[in-house]
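From first to last, the protein sequence lines are chains B and Z. So for the first sequence, the numbering used here puts the first residue at 1; every next one is plus one. So for the second sequence, the numbering used here puts the first residue at 1; every next one is plus one.
FYI, nobody ran anything at the bench for these hints, they're computed from the structure. Any given hint might turn out to be false.
One copy or two, either will do: identical chains are not told apart, so a pair holds if it fits within one copy or between any two.
Said to hold, decoys possible - Only pairs whose alpha carbons sit at most 20 Å apart, straight line, appear in this in silico PhoX-like list of lysine-lysine:
#	residue 1	residue 2
1	Lys254	Lys10
2	Lys345	Lys414
3	Lys423	Lys345
4	Lys154	Lys131
5	Lys436	Lys10
There are 2 protein chains.
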Amino acid sequence: MNEKIQVISKFALEGLETQGLHDEAMAAKQTLESGSGLGNDFLGWLHLPSSIDEEQLQAIGKSAAQLRSECEYVICIGIGGSYLGAKAVIEALSDHFAAYKSGNGPKVLFAGSNIGEDYLYDMIDLVKGHKFGIIVISKSGTTTEPGIAFRIFKDMLERQEGKEFAQRNIVAVTDARRGALRGLATQEGYATYVIPDDVGGRFSVLTPVGLLPIAVAGFDITALVAGAVEMEREGDEQVLNYAIARNALYRNGKKIEILANFTPRLHFLAEWWKQLYGESEGKGHKGIFPASVDFTTDLHSMGQMIQDGERTLFETVLSVGDQDHEVIIPSDEKDLDGLNYIAGKNVDYVNKMAELGTRLAHIDGGVPNLLITIPRLNERFVGQLIYFFEKACGVSGYMLGVNPFDQPGVEAYKKNMFALLEKPGYEEATAAIKAKLNK
Amino acid sequence: MNEKIQVISKFALEGLETQGLHDEAMAAKQTLESGSGLGNDFLGWLHLPSSIDEEQLQAIGKSAAQLRSECEYVICIGIGGSYLGAKAVIEALSDHFAAYKSGNGPKVLFAGSNIGEDYLYDMIDLVKGHKFGIIVISKSGTTTEPGIAFRIFKDMLERQEGKEFAQRNIVAVTDARRGALRGLATQEGYATYVIPDDVGGRFSVLTPVGLLPIAVAGFDITALVAGAVEMEREGDEQVLNYAIARNALYRNGKKIEILANFTPRLHFLAEWWKQLYGESEGKGHKGIFPASVDFTTDLHSMGQMIQDGERTLFETVLSVGDQDHEVIIPSDEKDLDGLNYIAGKNVDYVNKMAELGTRLAHIDGGVPNLLITIPRLNERFVGQLIYFFEKACGVSGYMLGVNPFDQPGVEAYKKNMFALLEKPGYEEATAAIKAKLNK
Chain B
1 MNEKIQVISK FALEGLETQG LHDEAMAAKQ TLESGSGLGN DFLGWLHLPS
51 SIDEEQLQAI GKSAAQLRSE CEYVICIGIG GSYLGAKAVI EALSDHFAAY
101 KSGNGPKVLF AGSNIGEDYL YDMIDLVKGH KFGIIVISKS GTTTEPGIAF
151 RIFKDMLERQ EGKEFAQRNI VAVTDARRGA LRGLATQEGY ATYVIPDDVG
201 GRFSVLTPVG LLPIAVAGFD ITALVAGAVE MEREGDEQVL NYAIARNALY
251 RNGKKIEILA NFTPRLHFLA EWWKQLYGES EGKGHKGIFP ASVDFTTDLH
301 SMGQMIQDGE RTLFETVLSV GDQDHEVIIP SDEKDLDGLN YIAGKNVDYV
351 NKMAELGTRL AHIDGGVPNL LITIPRLNER FVGQLIYFFE KACGVSGYML
401 GVNPFDQPGV EAYKKNMFAL LEKPGYEEAT AAIKAKLNK
Chain Z
1 MNEKIQVISK FALEGLETQG LHDEAMAAKQ TLESGSGLGN DFLGWLHLPS
51 SIDEEQLQAI GKSAAQLRSE CEYVICIGIG GSYLGAKAVI EALSDHFAAY
101 KSGNGPKVLF AGSNIGEDYL YDMIDLVKGH KFGIIVISKS GTTTEPGIAF
151 RIFKDMLERQ EGKEFAQRNI VAVTDARRGA LRGLATQEGY ATYVIPDDVG
201 GRFSVLTPVG LLPIAVAGFD ITALVAGAVE MEREGDEQVL NYAIARNALY
251 RNGKKIEILA NFTPRLHFLA EWWKQLYGES EGKGHKGIFP ASVDFTTDLH
301 SMGQMIQDGE RTLFETVLSV GDQDHEVIIP SDEKDLDGLN YIAGKNVDYV
351 NKMAELGTRL AHIDGGVPNL LITIPRLNER FVGQLIYFFE KACGVSGYML
401 GVNPFDQPGV EAYKKNMFAL LEKPGYEEAT AAIKAKLNK
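Use the sequences and the hints to build the structure in full.
As structure tokens, then:
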């Protein structure tokens with residue numbers, strides 16, 4: 001097989017001049033590859049796929065096998081890039097109703113990505129009396145959300161299954177040398193994996209941050225990485241297509257990019273994409289606002305707005321080629337619902353016509369359309385998609401004129417929260433915020 | 001108790017002139033209530049809560065009890081307004097991990113809201129060999145997505161459990177007299193409920209469309225309706241607040257409204273809201289683009305963009321007062337993670353400080369902030385919230401100068417899809433679209 005994901009931009013760029021943008025994109029790619037641009041201490045993801053060796057994958061596989069052998073549930077604790085990548089890949093590859101079905105290893109759950117008290121209560125209630133493991137993912141080990149969740153579940157696991165079981169079934173993914181979690185892991189003798197210094201959170205899914213949870217969920221991380229390597233080696237044409245098209249559209253007043261899928265399992269891939277692009281480009285009062293929809297579901301909610309609201313949108317459709325299974329539409333003698341004209345067809349045939357019909361309708365309505373084709377949803381092509389989006393994000397961000405690898409705005413809420421919580425060291429900020437609130 | 005949801009707009013309107021808007025809003029409310037505006041044949045929702053009597057609720061309760069008594073799974077088949085309302089309320093009131101837990105009646109599943117072949121396959125695989133029921137919701141009975149799903153699961157249920165079991169455990173929610181589903185239900189002797197002619201899909205959650213699935217999931221629909229009645233009778237001040245604020249912001253260049261929650265169970269309430277506002281307002285090349293985020297999760301993905309991207313956003317925070325359960329943050333002797341300063345606090349205390357800190361940070365960043373406070377997540381307050389959003393949508397849409405009760409743009413993709421599928425009656429459209437594609 002020599003299939004690859006493809007970007008088709010012909011319905012996006014009609015009437016737009018892109019020659020100059022092509023040169024800009026080539027220059028941005030050169031800046032990225034030569035490491036001469038902004039944020040160039042965070043380019044570890046660029047050659048990450050091809051640098052992962054068999055030994056590393058085997059080590060991760062061994063930890064995954066340990067967790068799979070003893071645990072009914074594995075709680076992945078992390079937020080942002082330490083959550084979305086694994087969640088996205090696992091969902092894209094899983095049975096839609098895996099939560100309801102037993103068998104095939106532990107259920108992978110996610111905690112520490114919110115501060116929901118009832119959420120944590122319901123999860124505690126779920127794993128109570130059941131053997132569970134923990135993958136705790138944090139560069140520093142002091143981030144509030146995962147910190148709280150890890151305190152709670154570590155404490156619970158040690159009480160419930162004993163210290164030794166906990167030591168065997170807690171794995172830490174953290175900084176190589178520094179930080180609270182590194183220190184704790186050393187003390188407790190947890191297995192550990194490293195978050196490289198030069199890979200930012202939203203680019204980390206192909207490090208142990210994503211690979212370990214994905215392996216625990218039973219998926220083939222070797223194939224995932226191999227897919228990413230294909231795009232690292234042969235993906236530049238698609239990368240340039242996408243980066244050029246979205247910058248051309250943005251400069252022509254298209255302020256919102258809607259990532260649309262017709263495949264429910266891609267829902268969280270879009271959430272991962274929103275972090276990747278929103279956090280990379282949303283700075284200095286610029287950047288395309290990333291939104292996502294699941295079609296045809298959301299054609300019956302956001303469809304009207306996309307078809308006929310403000311003409312400041314463009315749409316990027318993720319189109320999956322083959323389905324894994326076949327379901328045939330049954331025939332009905334009486335045909336009261338009038339669907340016999342599609343009886344005997346498989347369901348995806350109808351979905352593909354809905355997809356094409358939707359693209360044409362939105363184009364007619366003034367919504368430029370980009371198409372990204374994915375041969376099917378398996379590890380290889382999801383790996384391709386990940387690397388493709390990452391590299392296109394780097395190129396696109398440089399074309400926009402921002403540092404795509406920082407996220408200074410994420411600190412603002414944290415600083416206020418620490419002040420309000422009266423965290424030691426924030427005394428001045430506490431006084432200031434209290435004065436402000438009492439005004 | 002005399003608690004109600006509240007809208008607080010003081011951090012949204014600083015420096016904006018709203019006096020004229022107040023008069024406009026009063027006029028729009030008058031137009032709505034007098035039934036003299038556009039789309040006035042779809043105002044049945046306006047006095048719906050107070051017109052539901054005990055008898056209707058009891059009948060729905062009886063159907064729900066039948067399904068609960070014989071079924072392990074109940075598949076709700078519907079799309080758009082025949083899906084999102086029930087889904088939103090059930091999620092808002094459910095255990096976060098209900099899918100993993102047994103007990104308390106049947107699991108409620110949703111089909112017919114997409115055309116995912118693997119999605120349907122995985123659901124078939126789930127219910128195979130298990131007793132299940134179906135609630136099929138469609139005004140016409142010929143909508144493609146639910147039509148396909150209903151064919152498949154009706155056929156499967158009759159083969160698996162026999163015709164009589166199917167007749168007992170299929171309930172149709174449809175037109176009072178006309179349509180394919182009404183005809184079929186009469187032939188088969190299904191229990192039926194009526195979708196009123198004067199209530200559009202996105203305003204239908206307090207009809208049997210929403211009430212029956214919600215009752216099957218085990219929730220108190222009497223309390224839900226009672227909450228809605230409270231807002232029907234005493235909600236106008238909040239309705240006006242919200243409608244005025246969002247129109248003021250839109251006219252001042254705020255093109256995107258982000259509905260933010262700090263309570264994961266509100267995720268689908270936001271999806272319902274997106275349909276309500278997007279489909280009502282997104283027409284004639286205008287309307288606020290509705291987006292949603294789950295915080296603090298998405299502070300680590302969309303947070304950067306909200307804090308510092310294009311300043312065309314405003315934010316509406318859904319703030320839930322009390323949690324249902326308590327989880328205390330444990331103390332740790334070594335305090336490596338530095339979280340002992342919040343040990344002994346309950347988790348929601350931290351979440352509330354995150355919420356306040358986030359609002360202040362976003363306001364400082366130039367994102368006007370609306371706050372909607374909800375005393376807690378139970379049937380009563382969810383009912384309040386639903387009616388509040390519905391009425392504010394009507395007022396807001398009239399202020400925008402559109403018909404908030406139609407959705408002409410939703411037909412565009414369907415027409416193309418039918419042409420591509422060569423549906424009988426679409427011969428001309430088929431020829432035209434093929435010619436276009438072959439160009």
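Status of each hint after checking the structure:
| no. | hint | verdict |
| --- | --- | --- |
| 1 | Lys254 / Lys10 | within (16 Å within a copy, 31 Å between copies) |
| 2 | Lys345 / Lys414 | between (53 Å within a copy, 18 Å between copies) |
| 3 | Lys423 / Lys345 | between (62 Å within a copy, 13 Å between copies) |
| 4 | Lys154 / Lys131 | within (13 Å within a copy, 39 Å between copies) |
| 5 | Lys436 / Lys10 | between (52 Å within a copy, 14 Å between copies) |
Every hint from the earlier list agrees with this structure, and none is contradicted.
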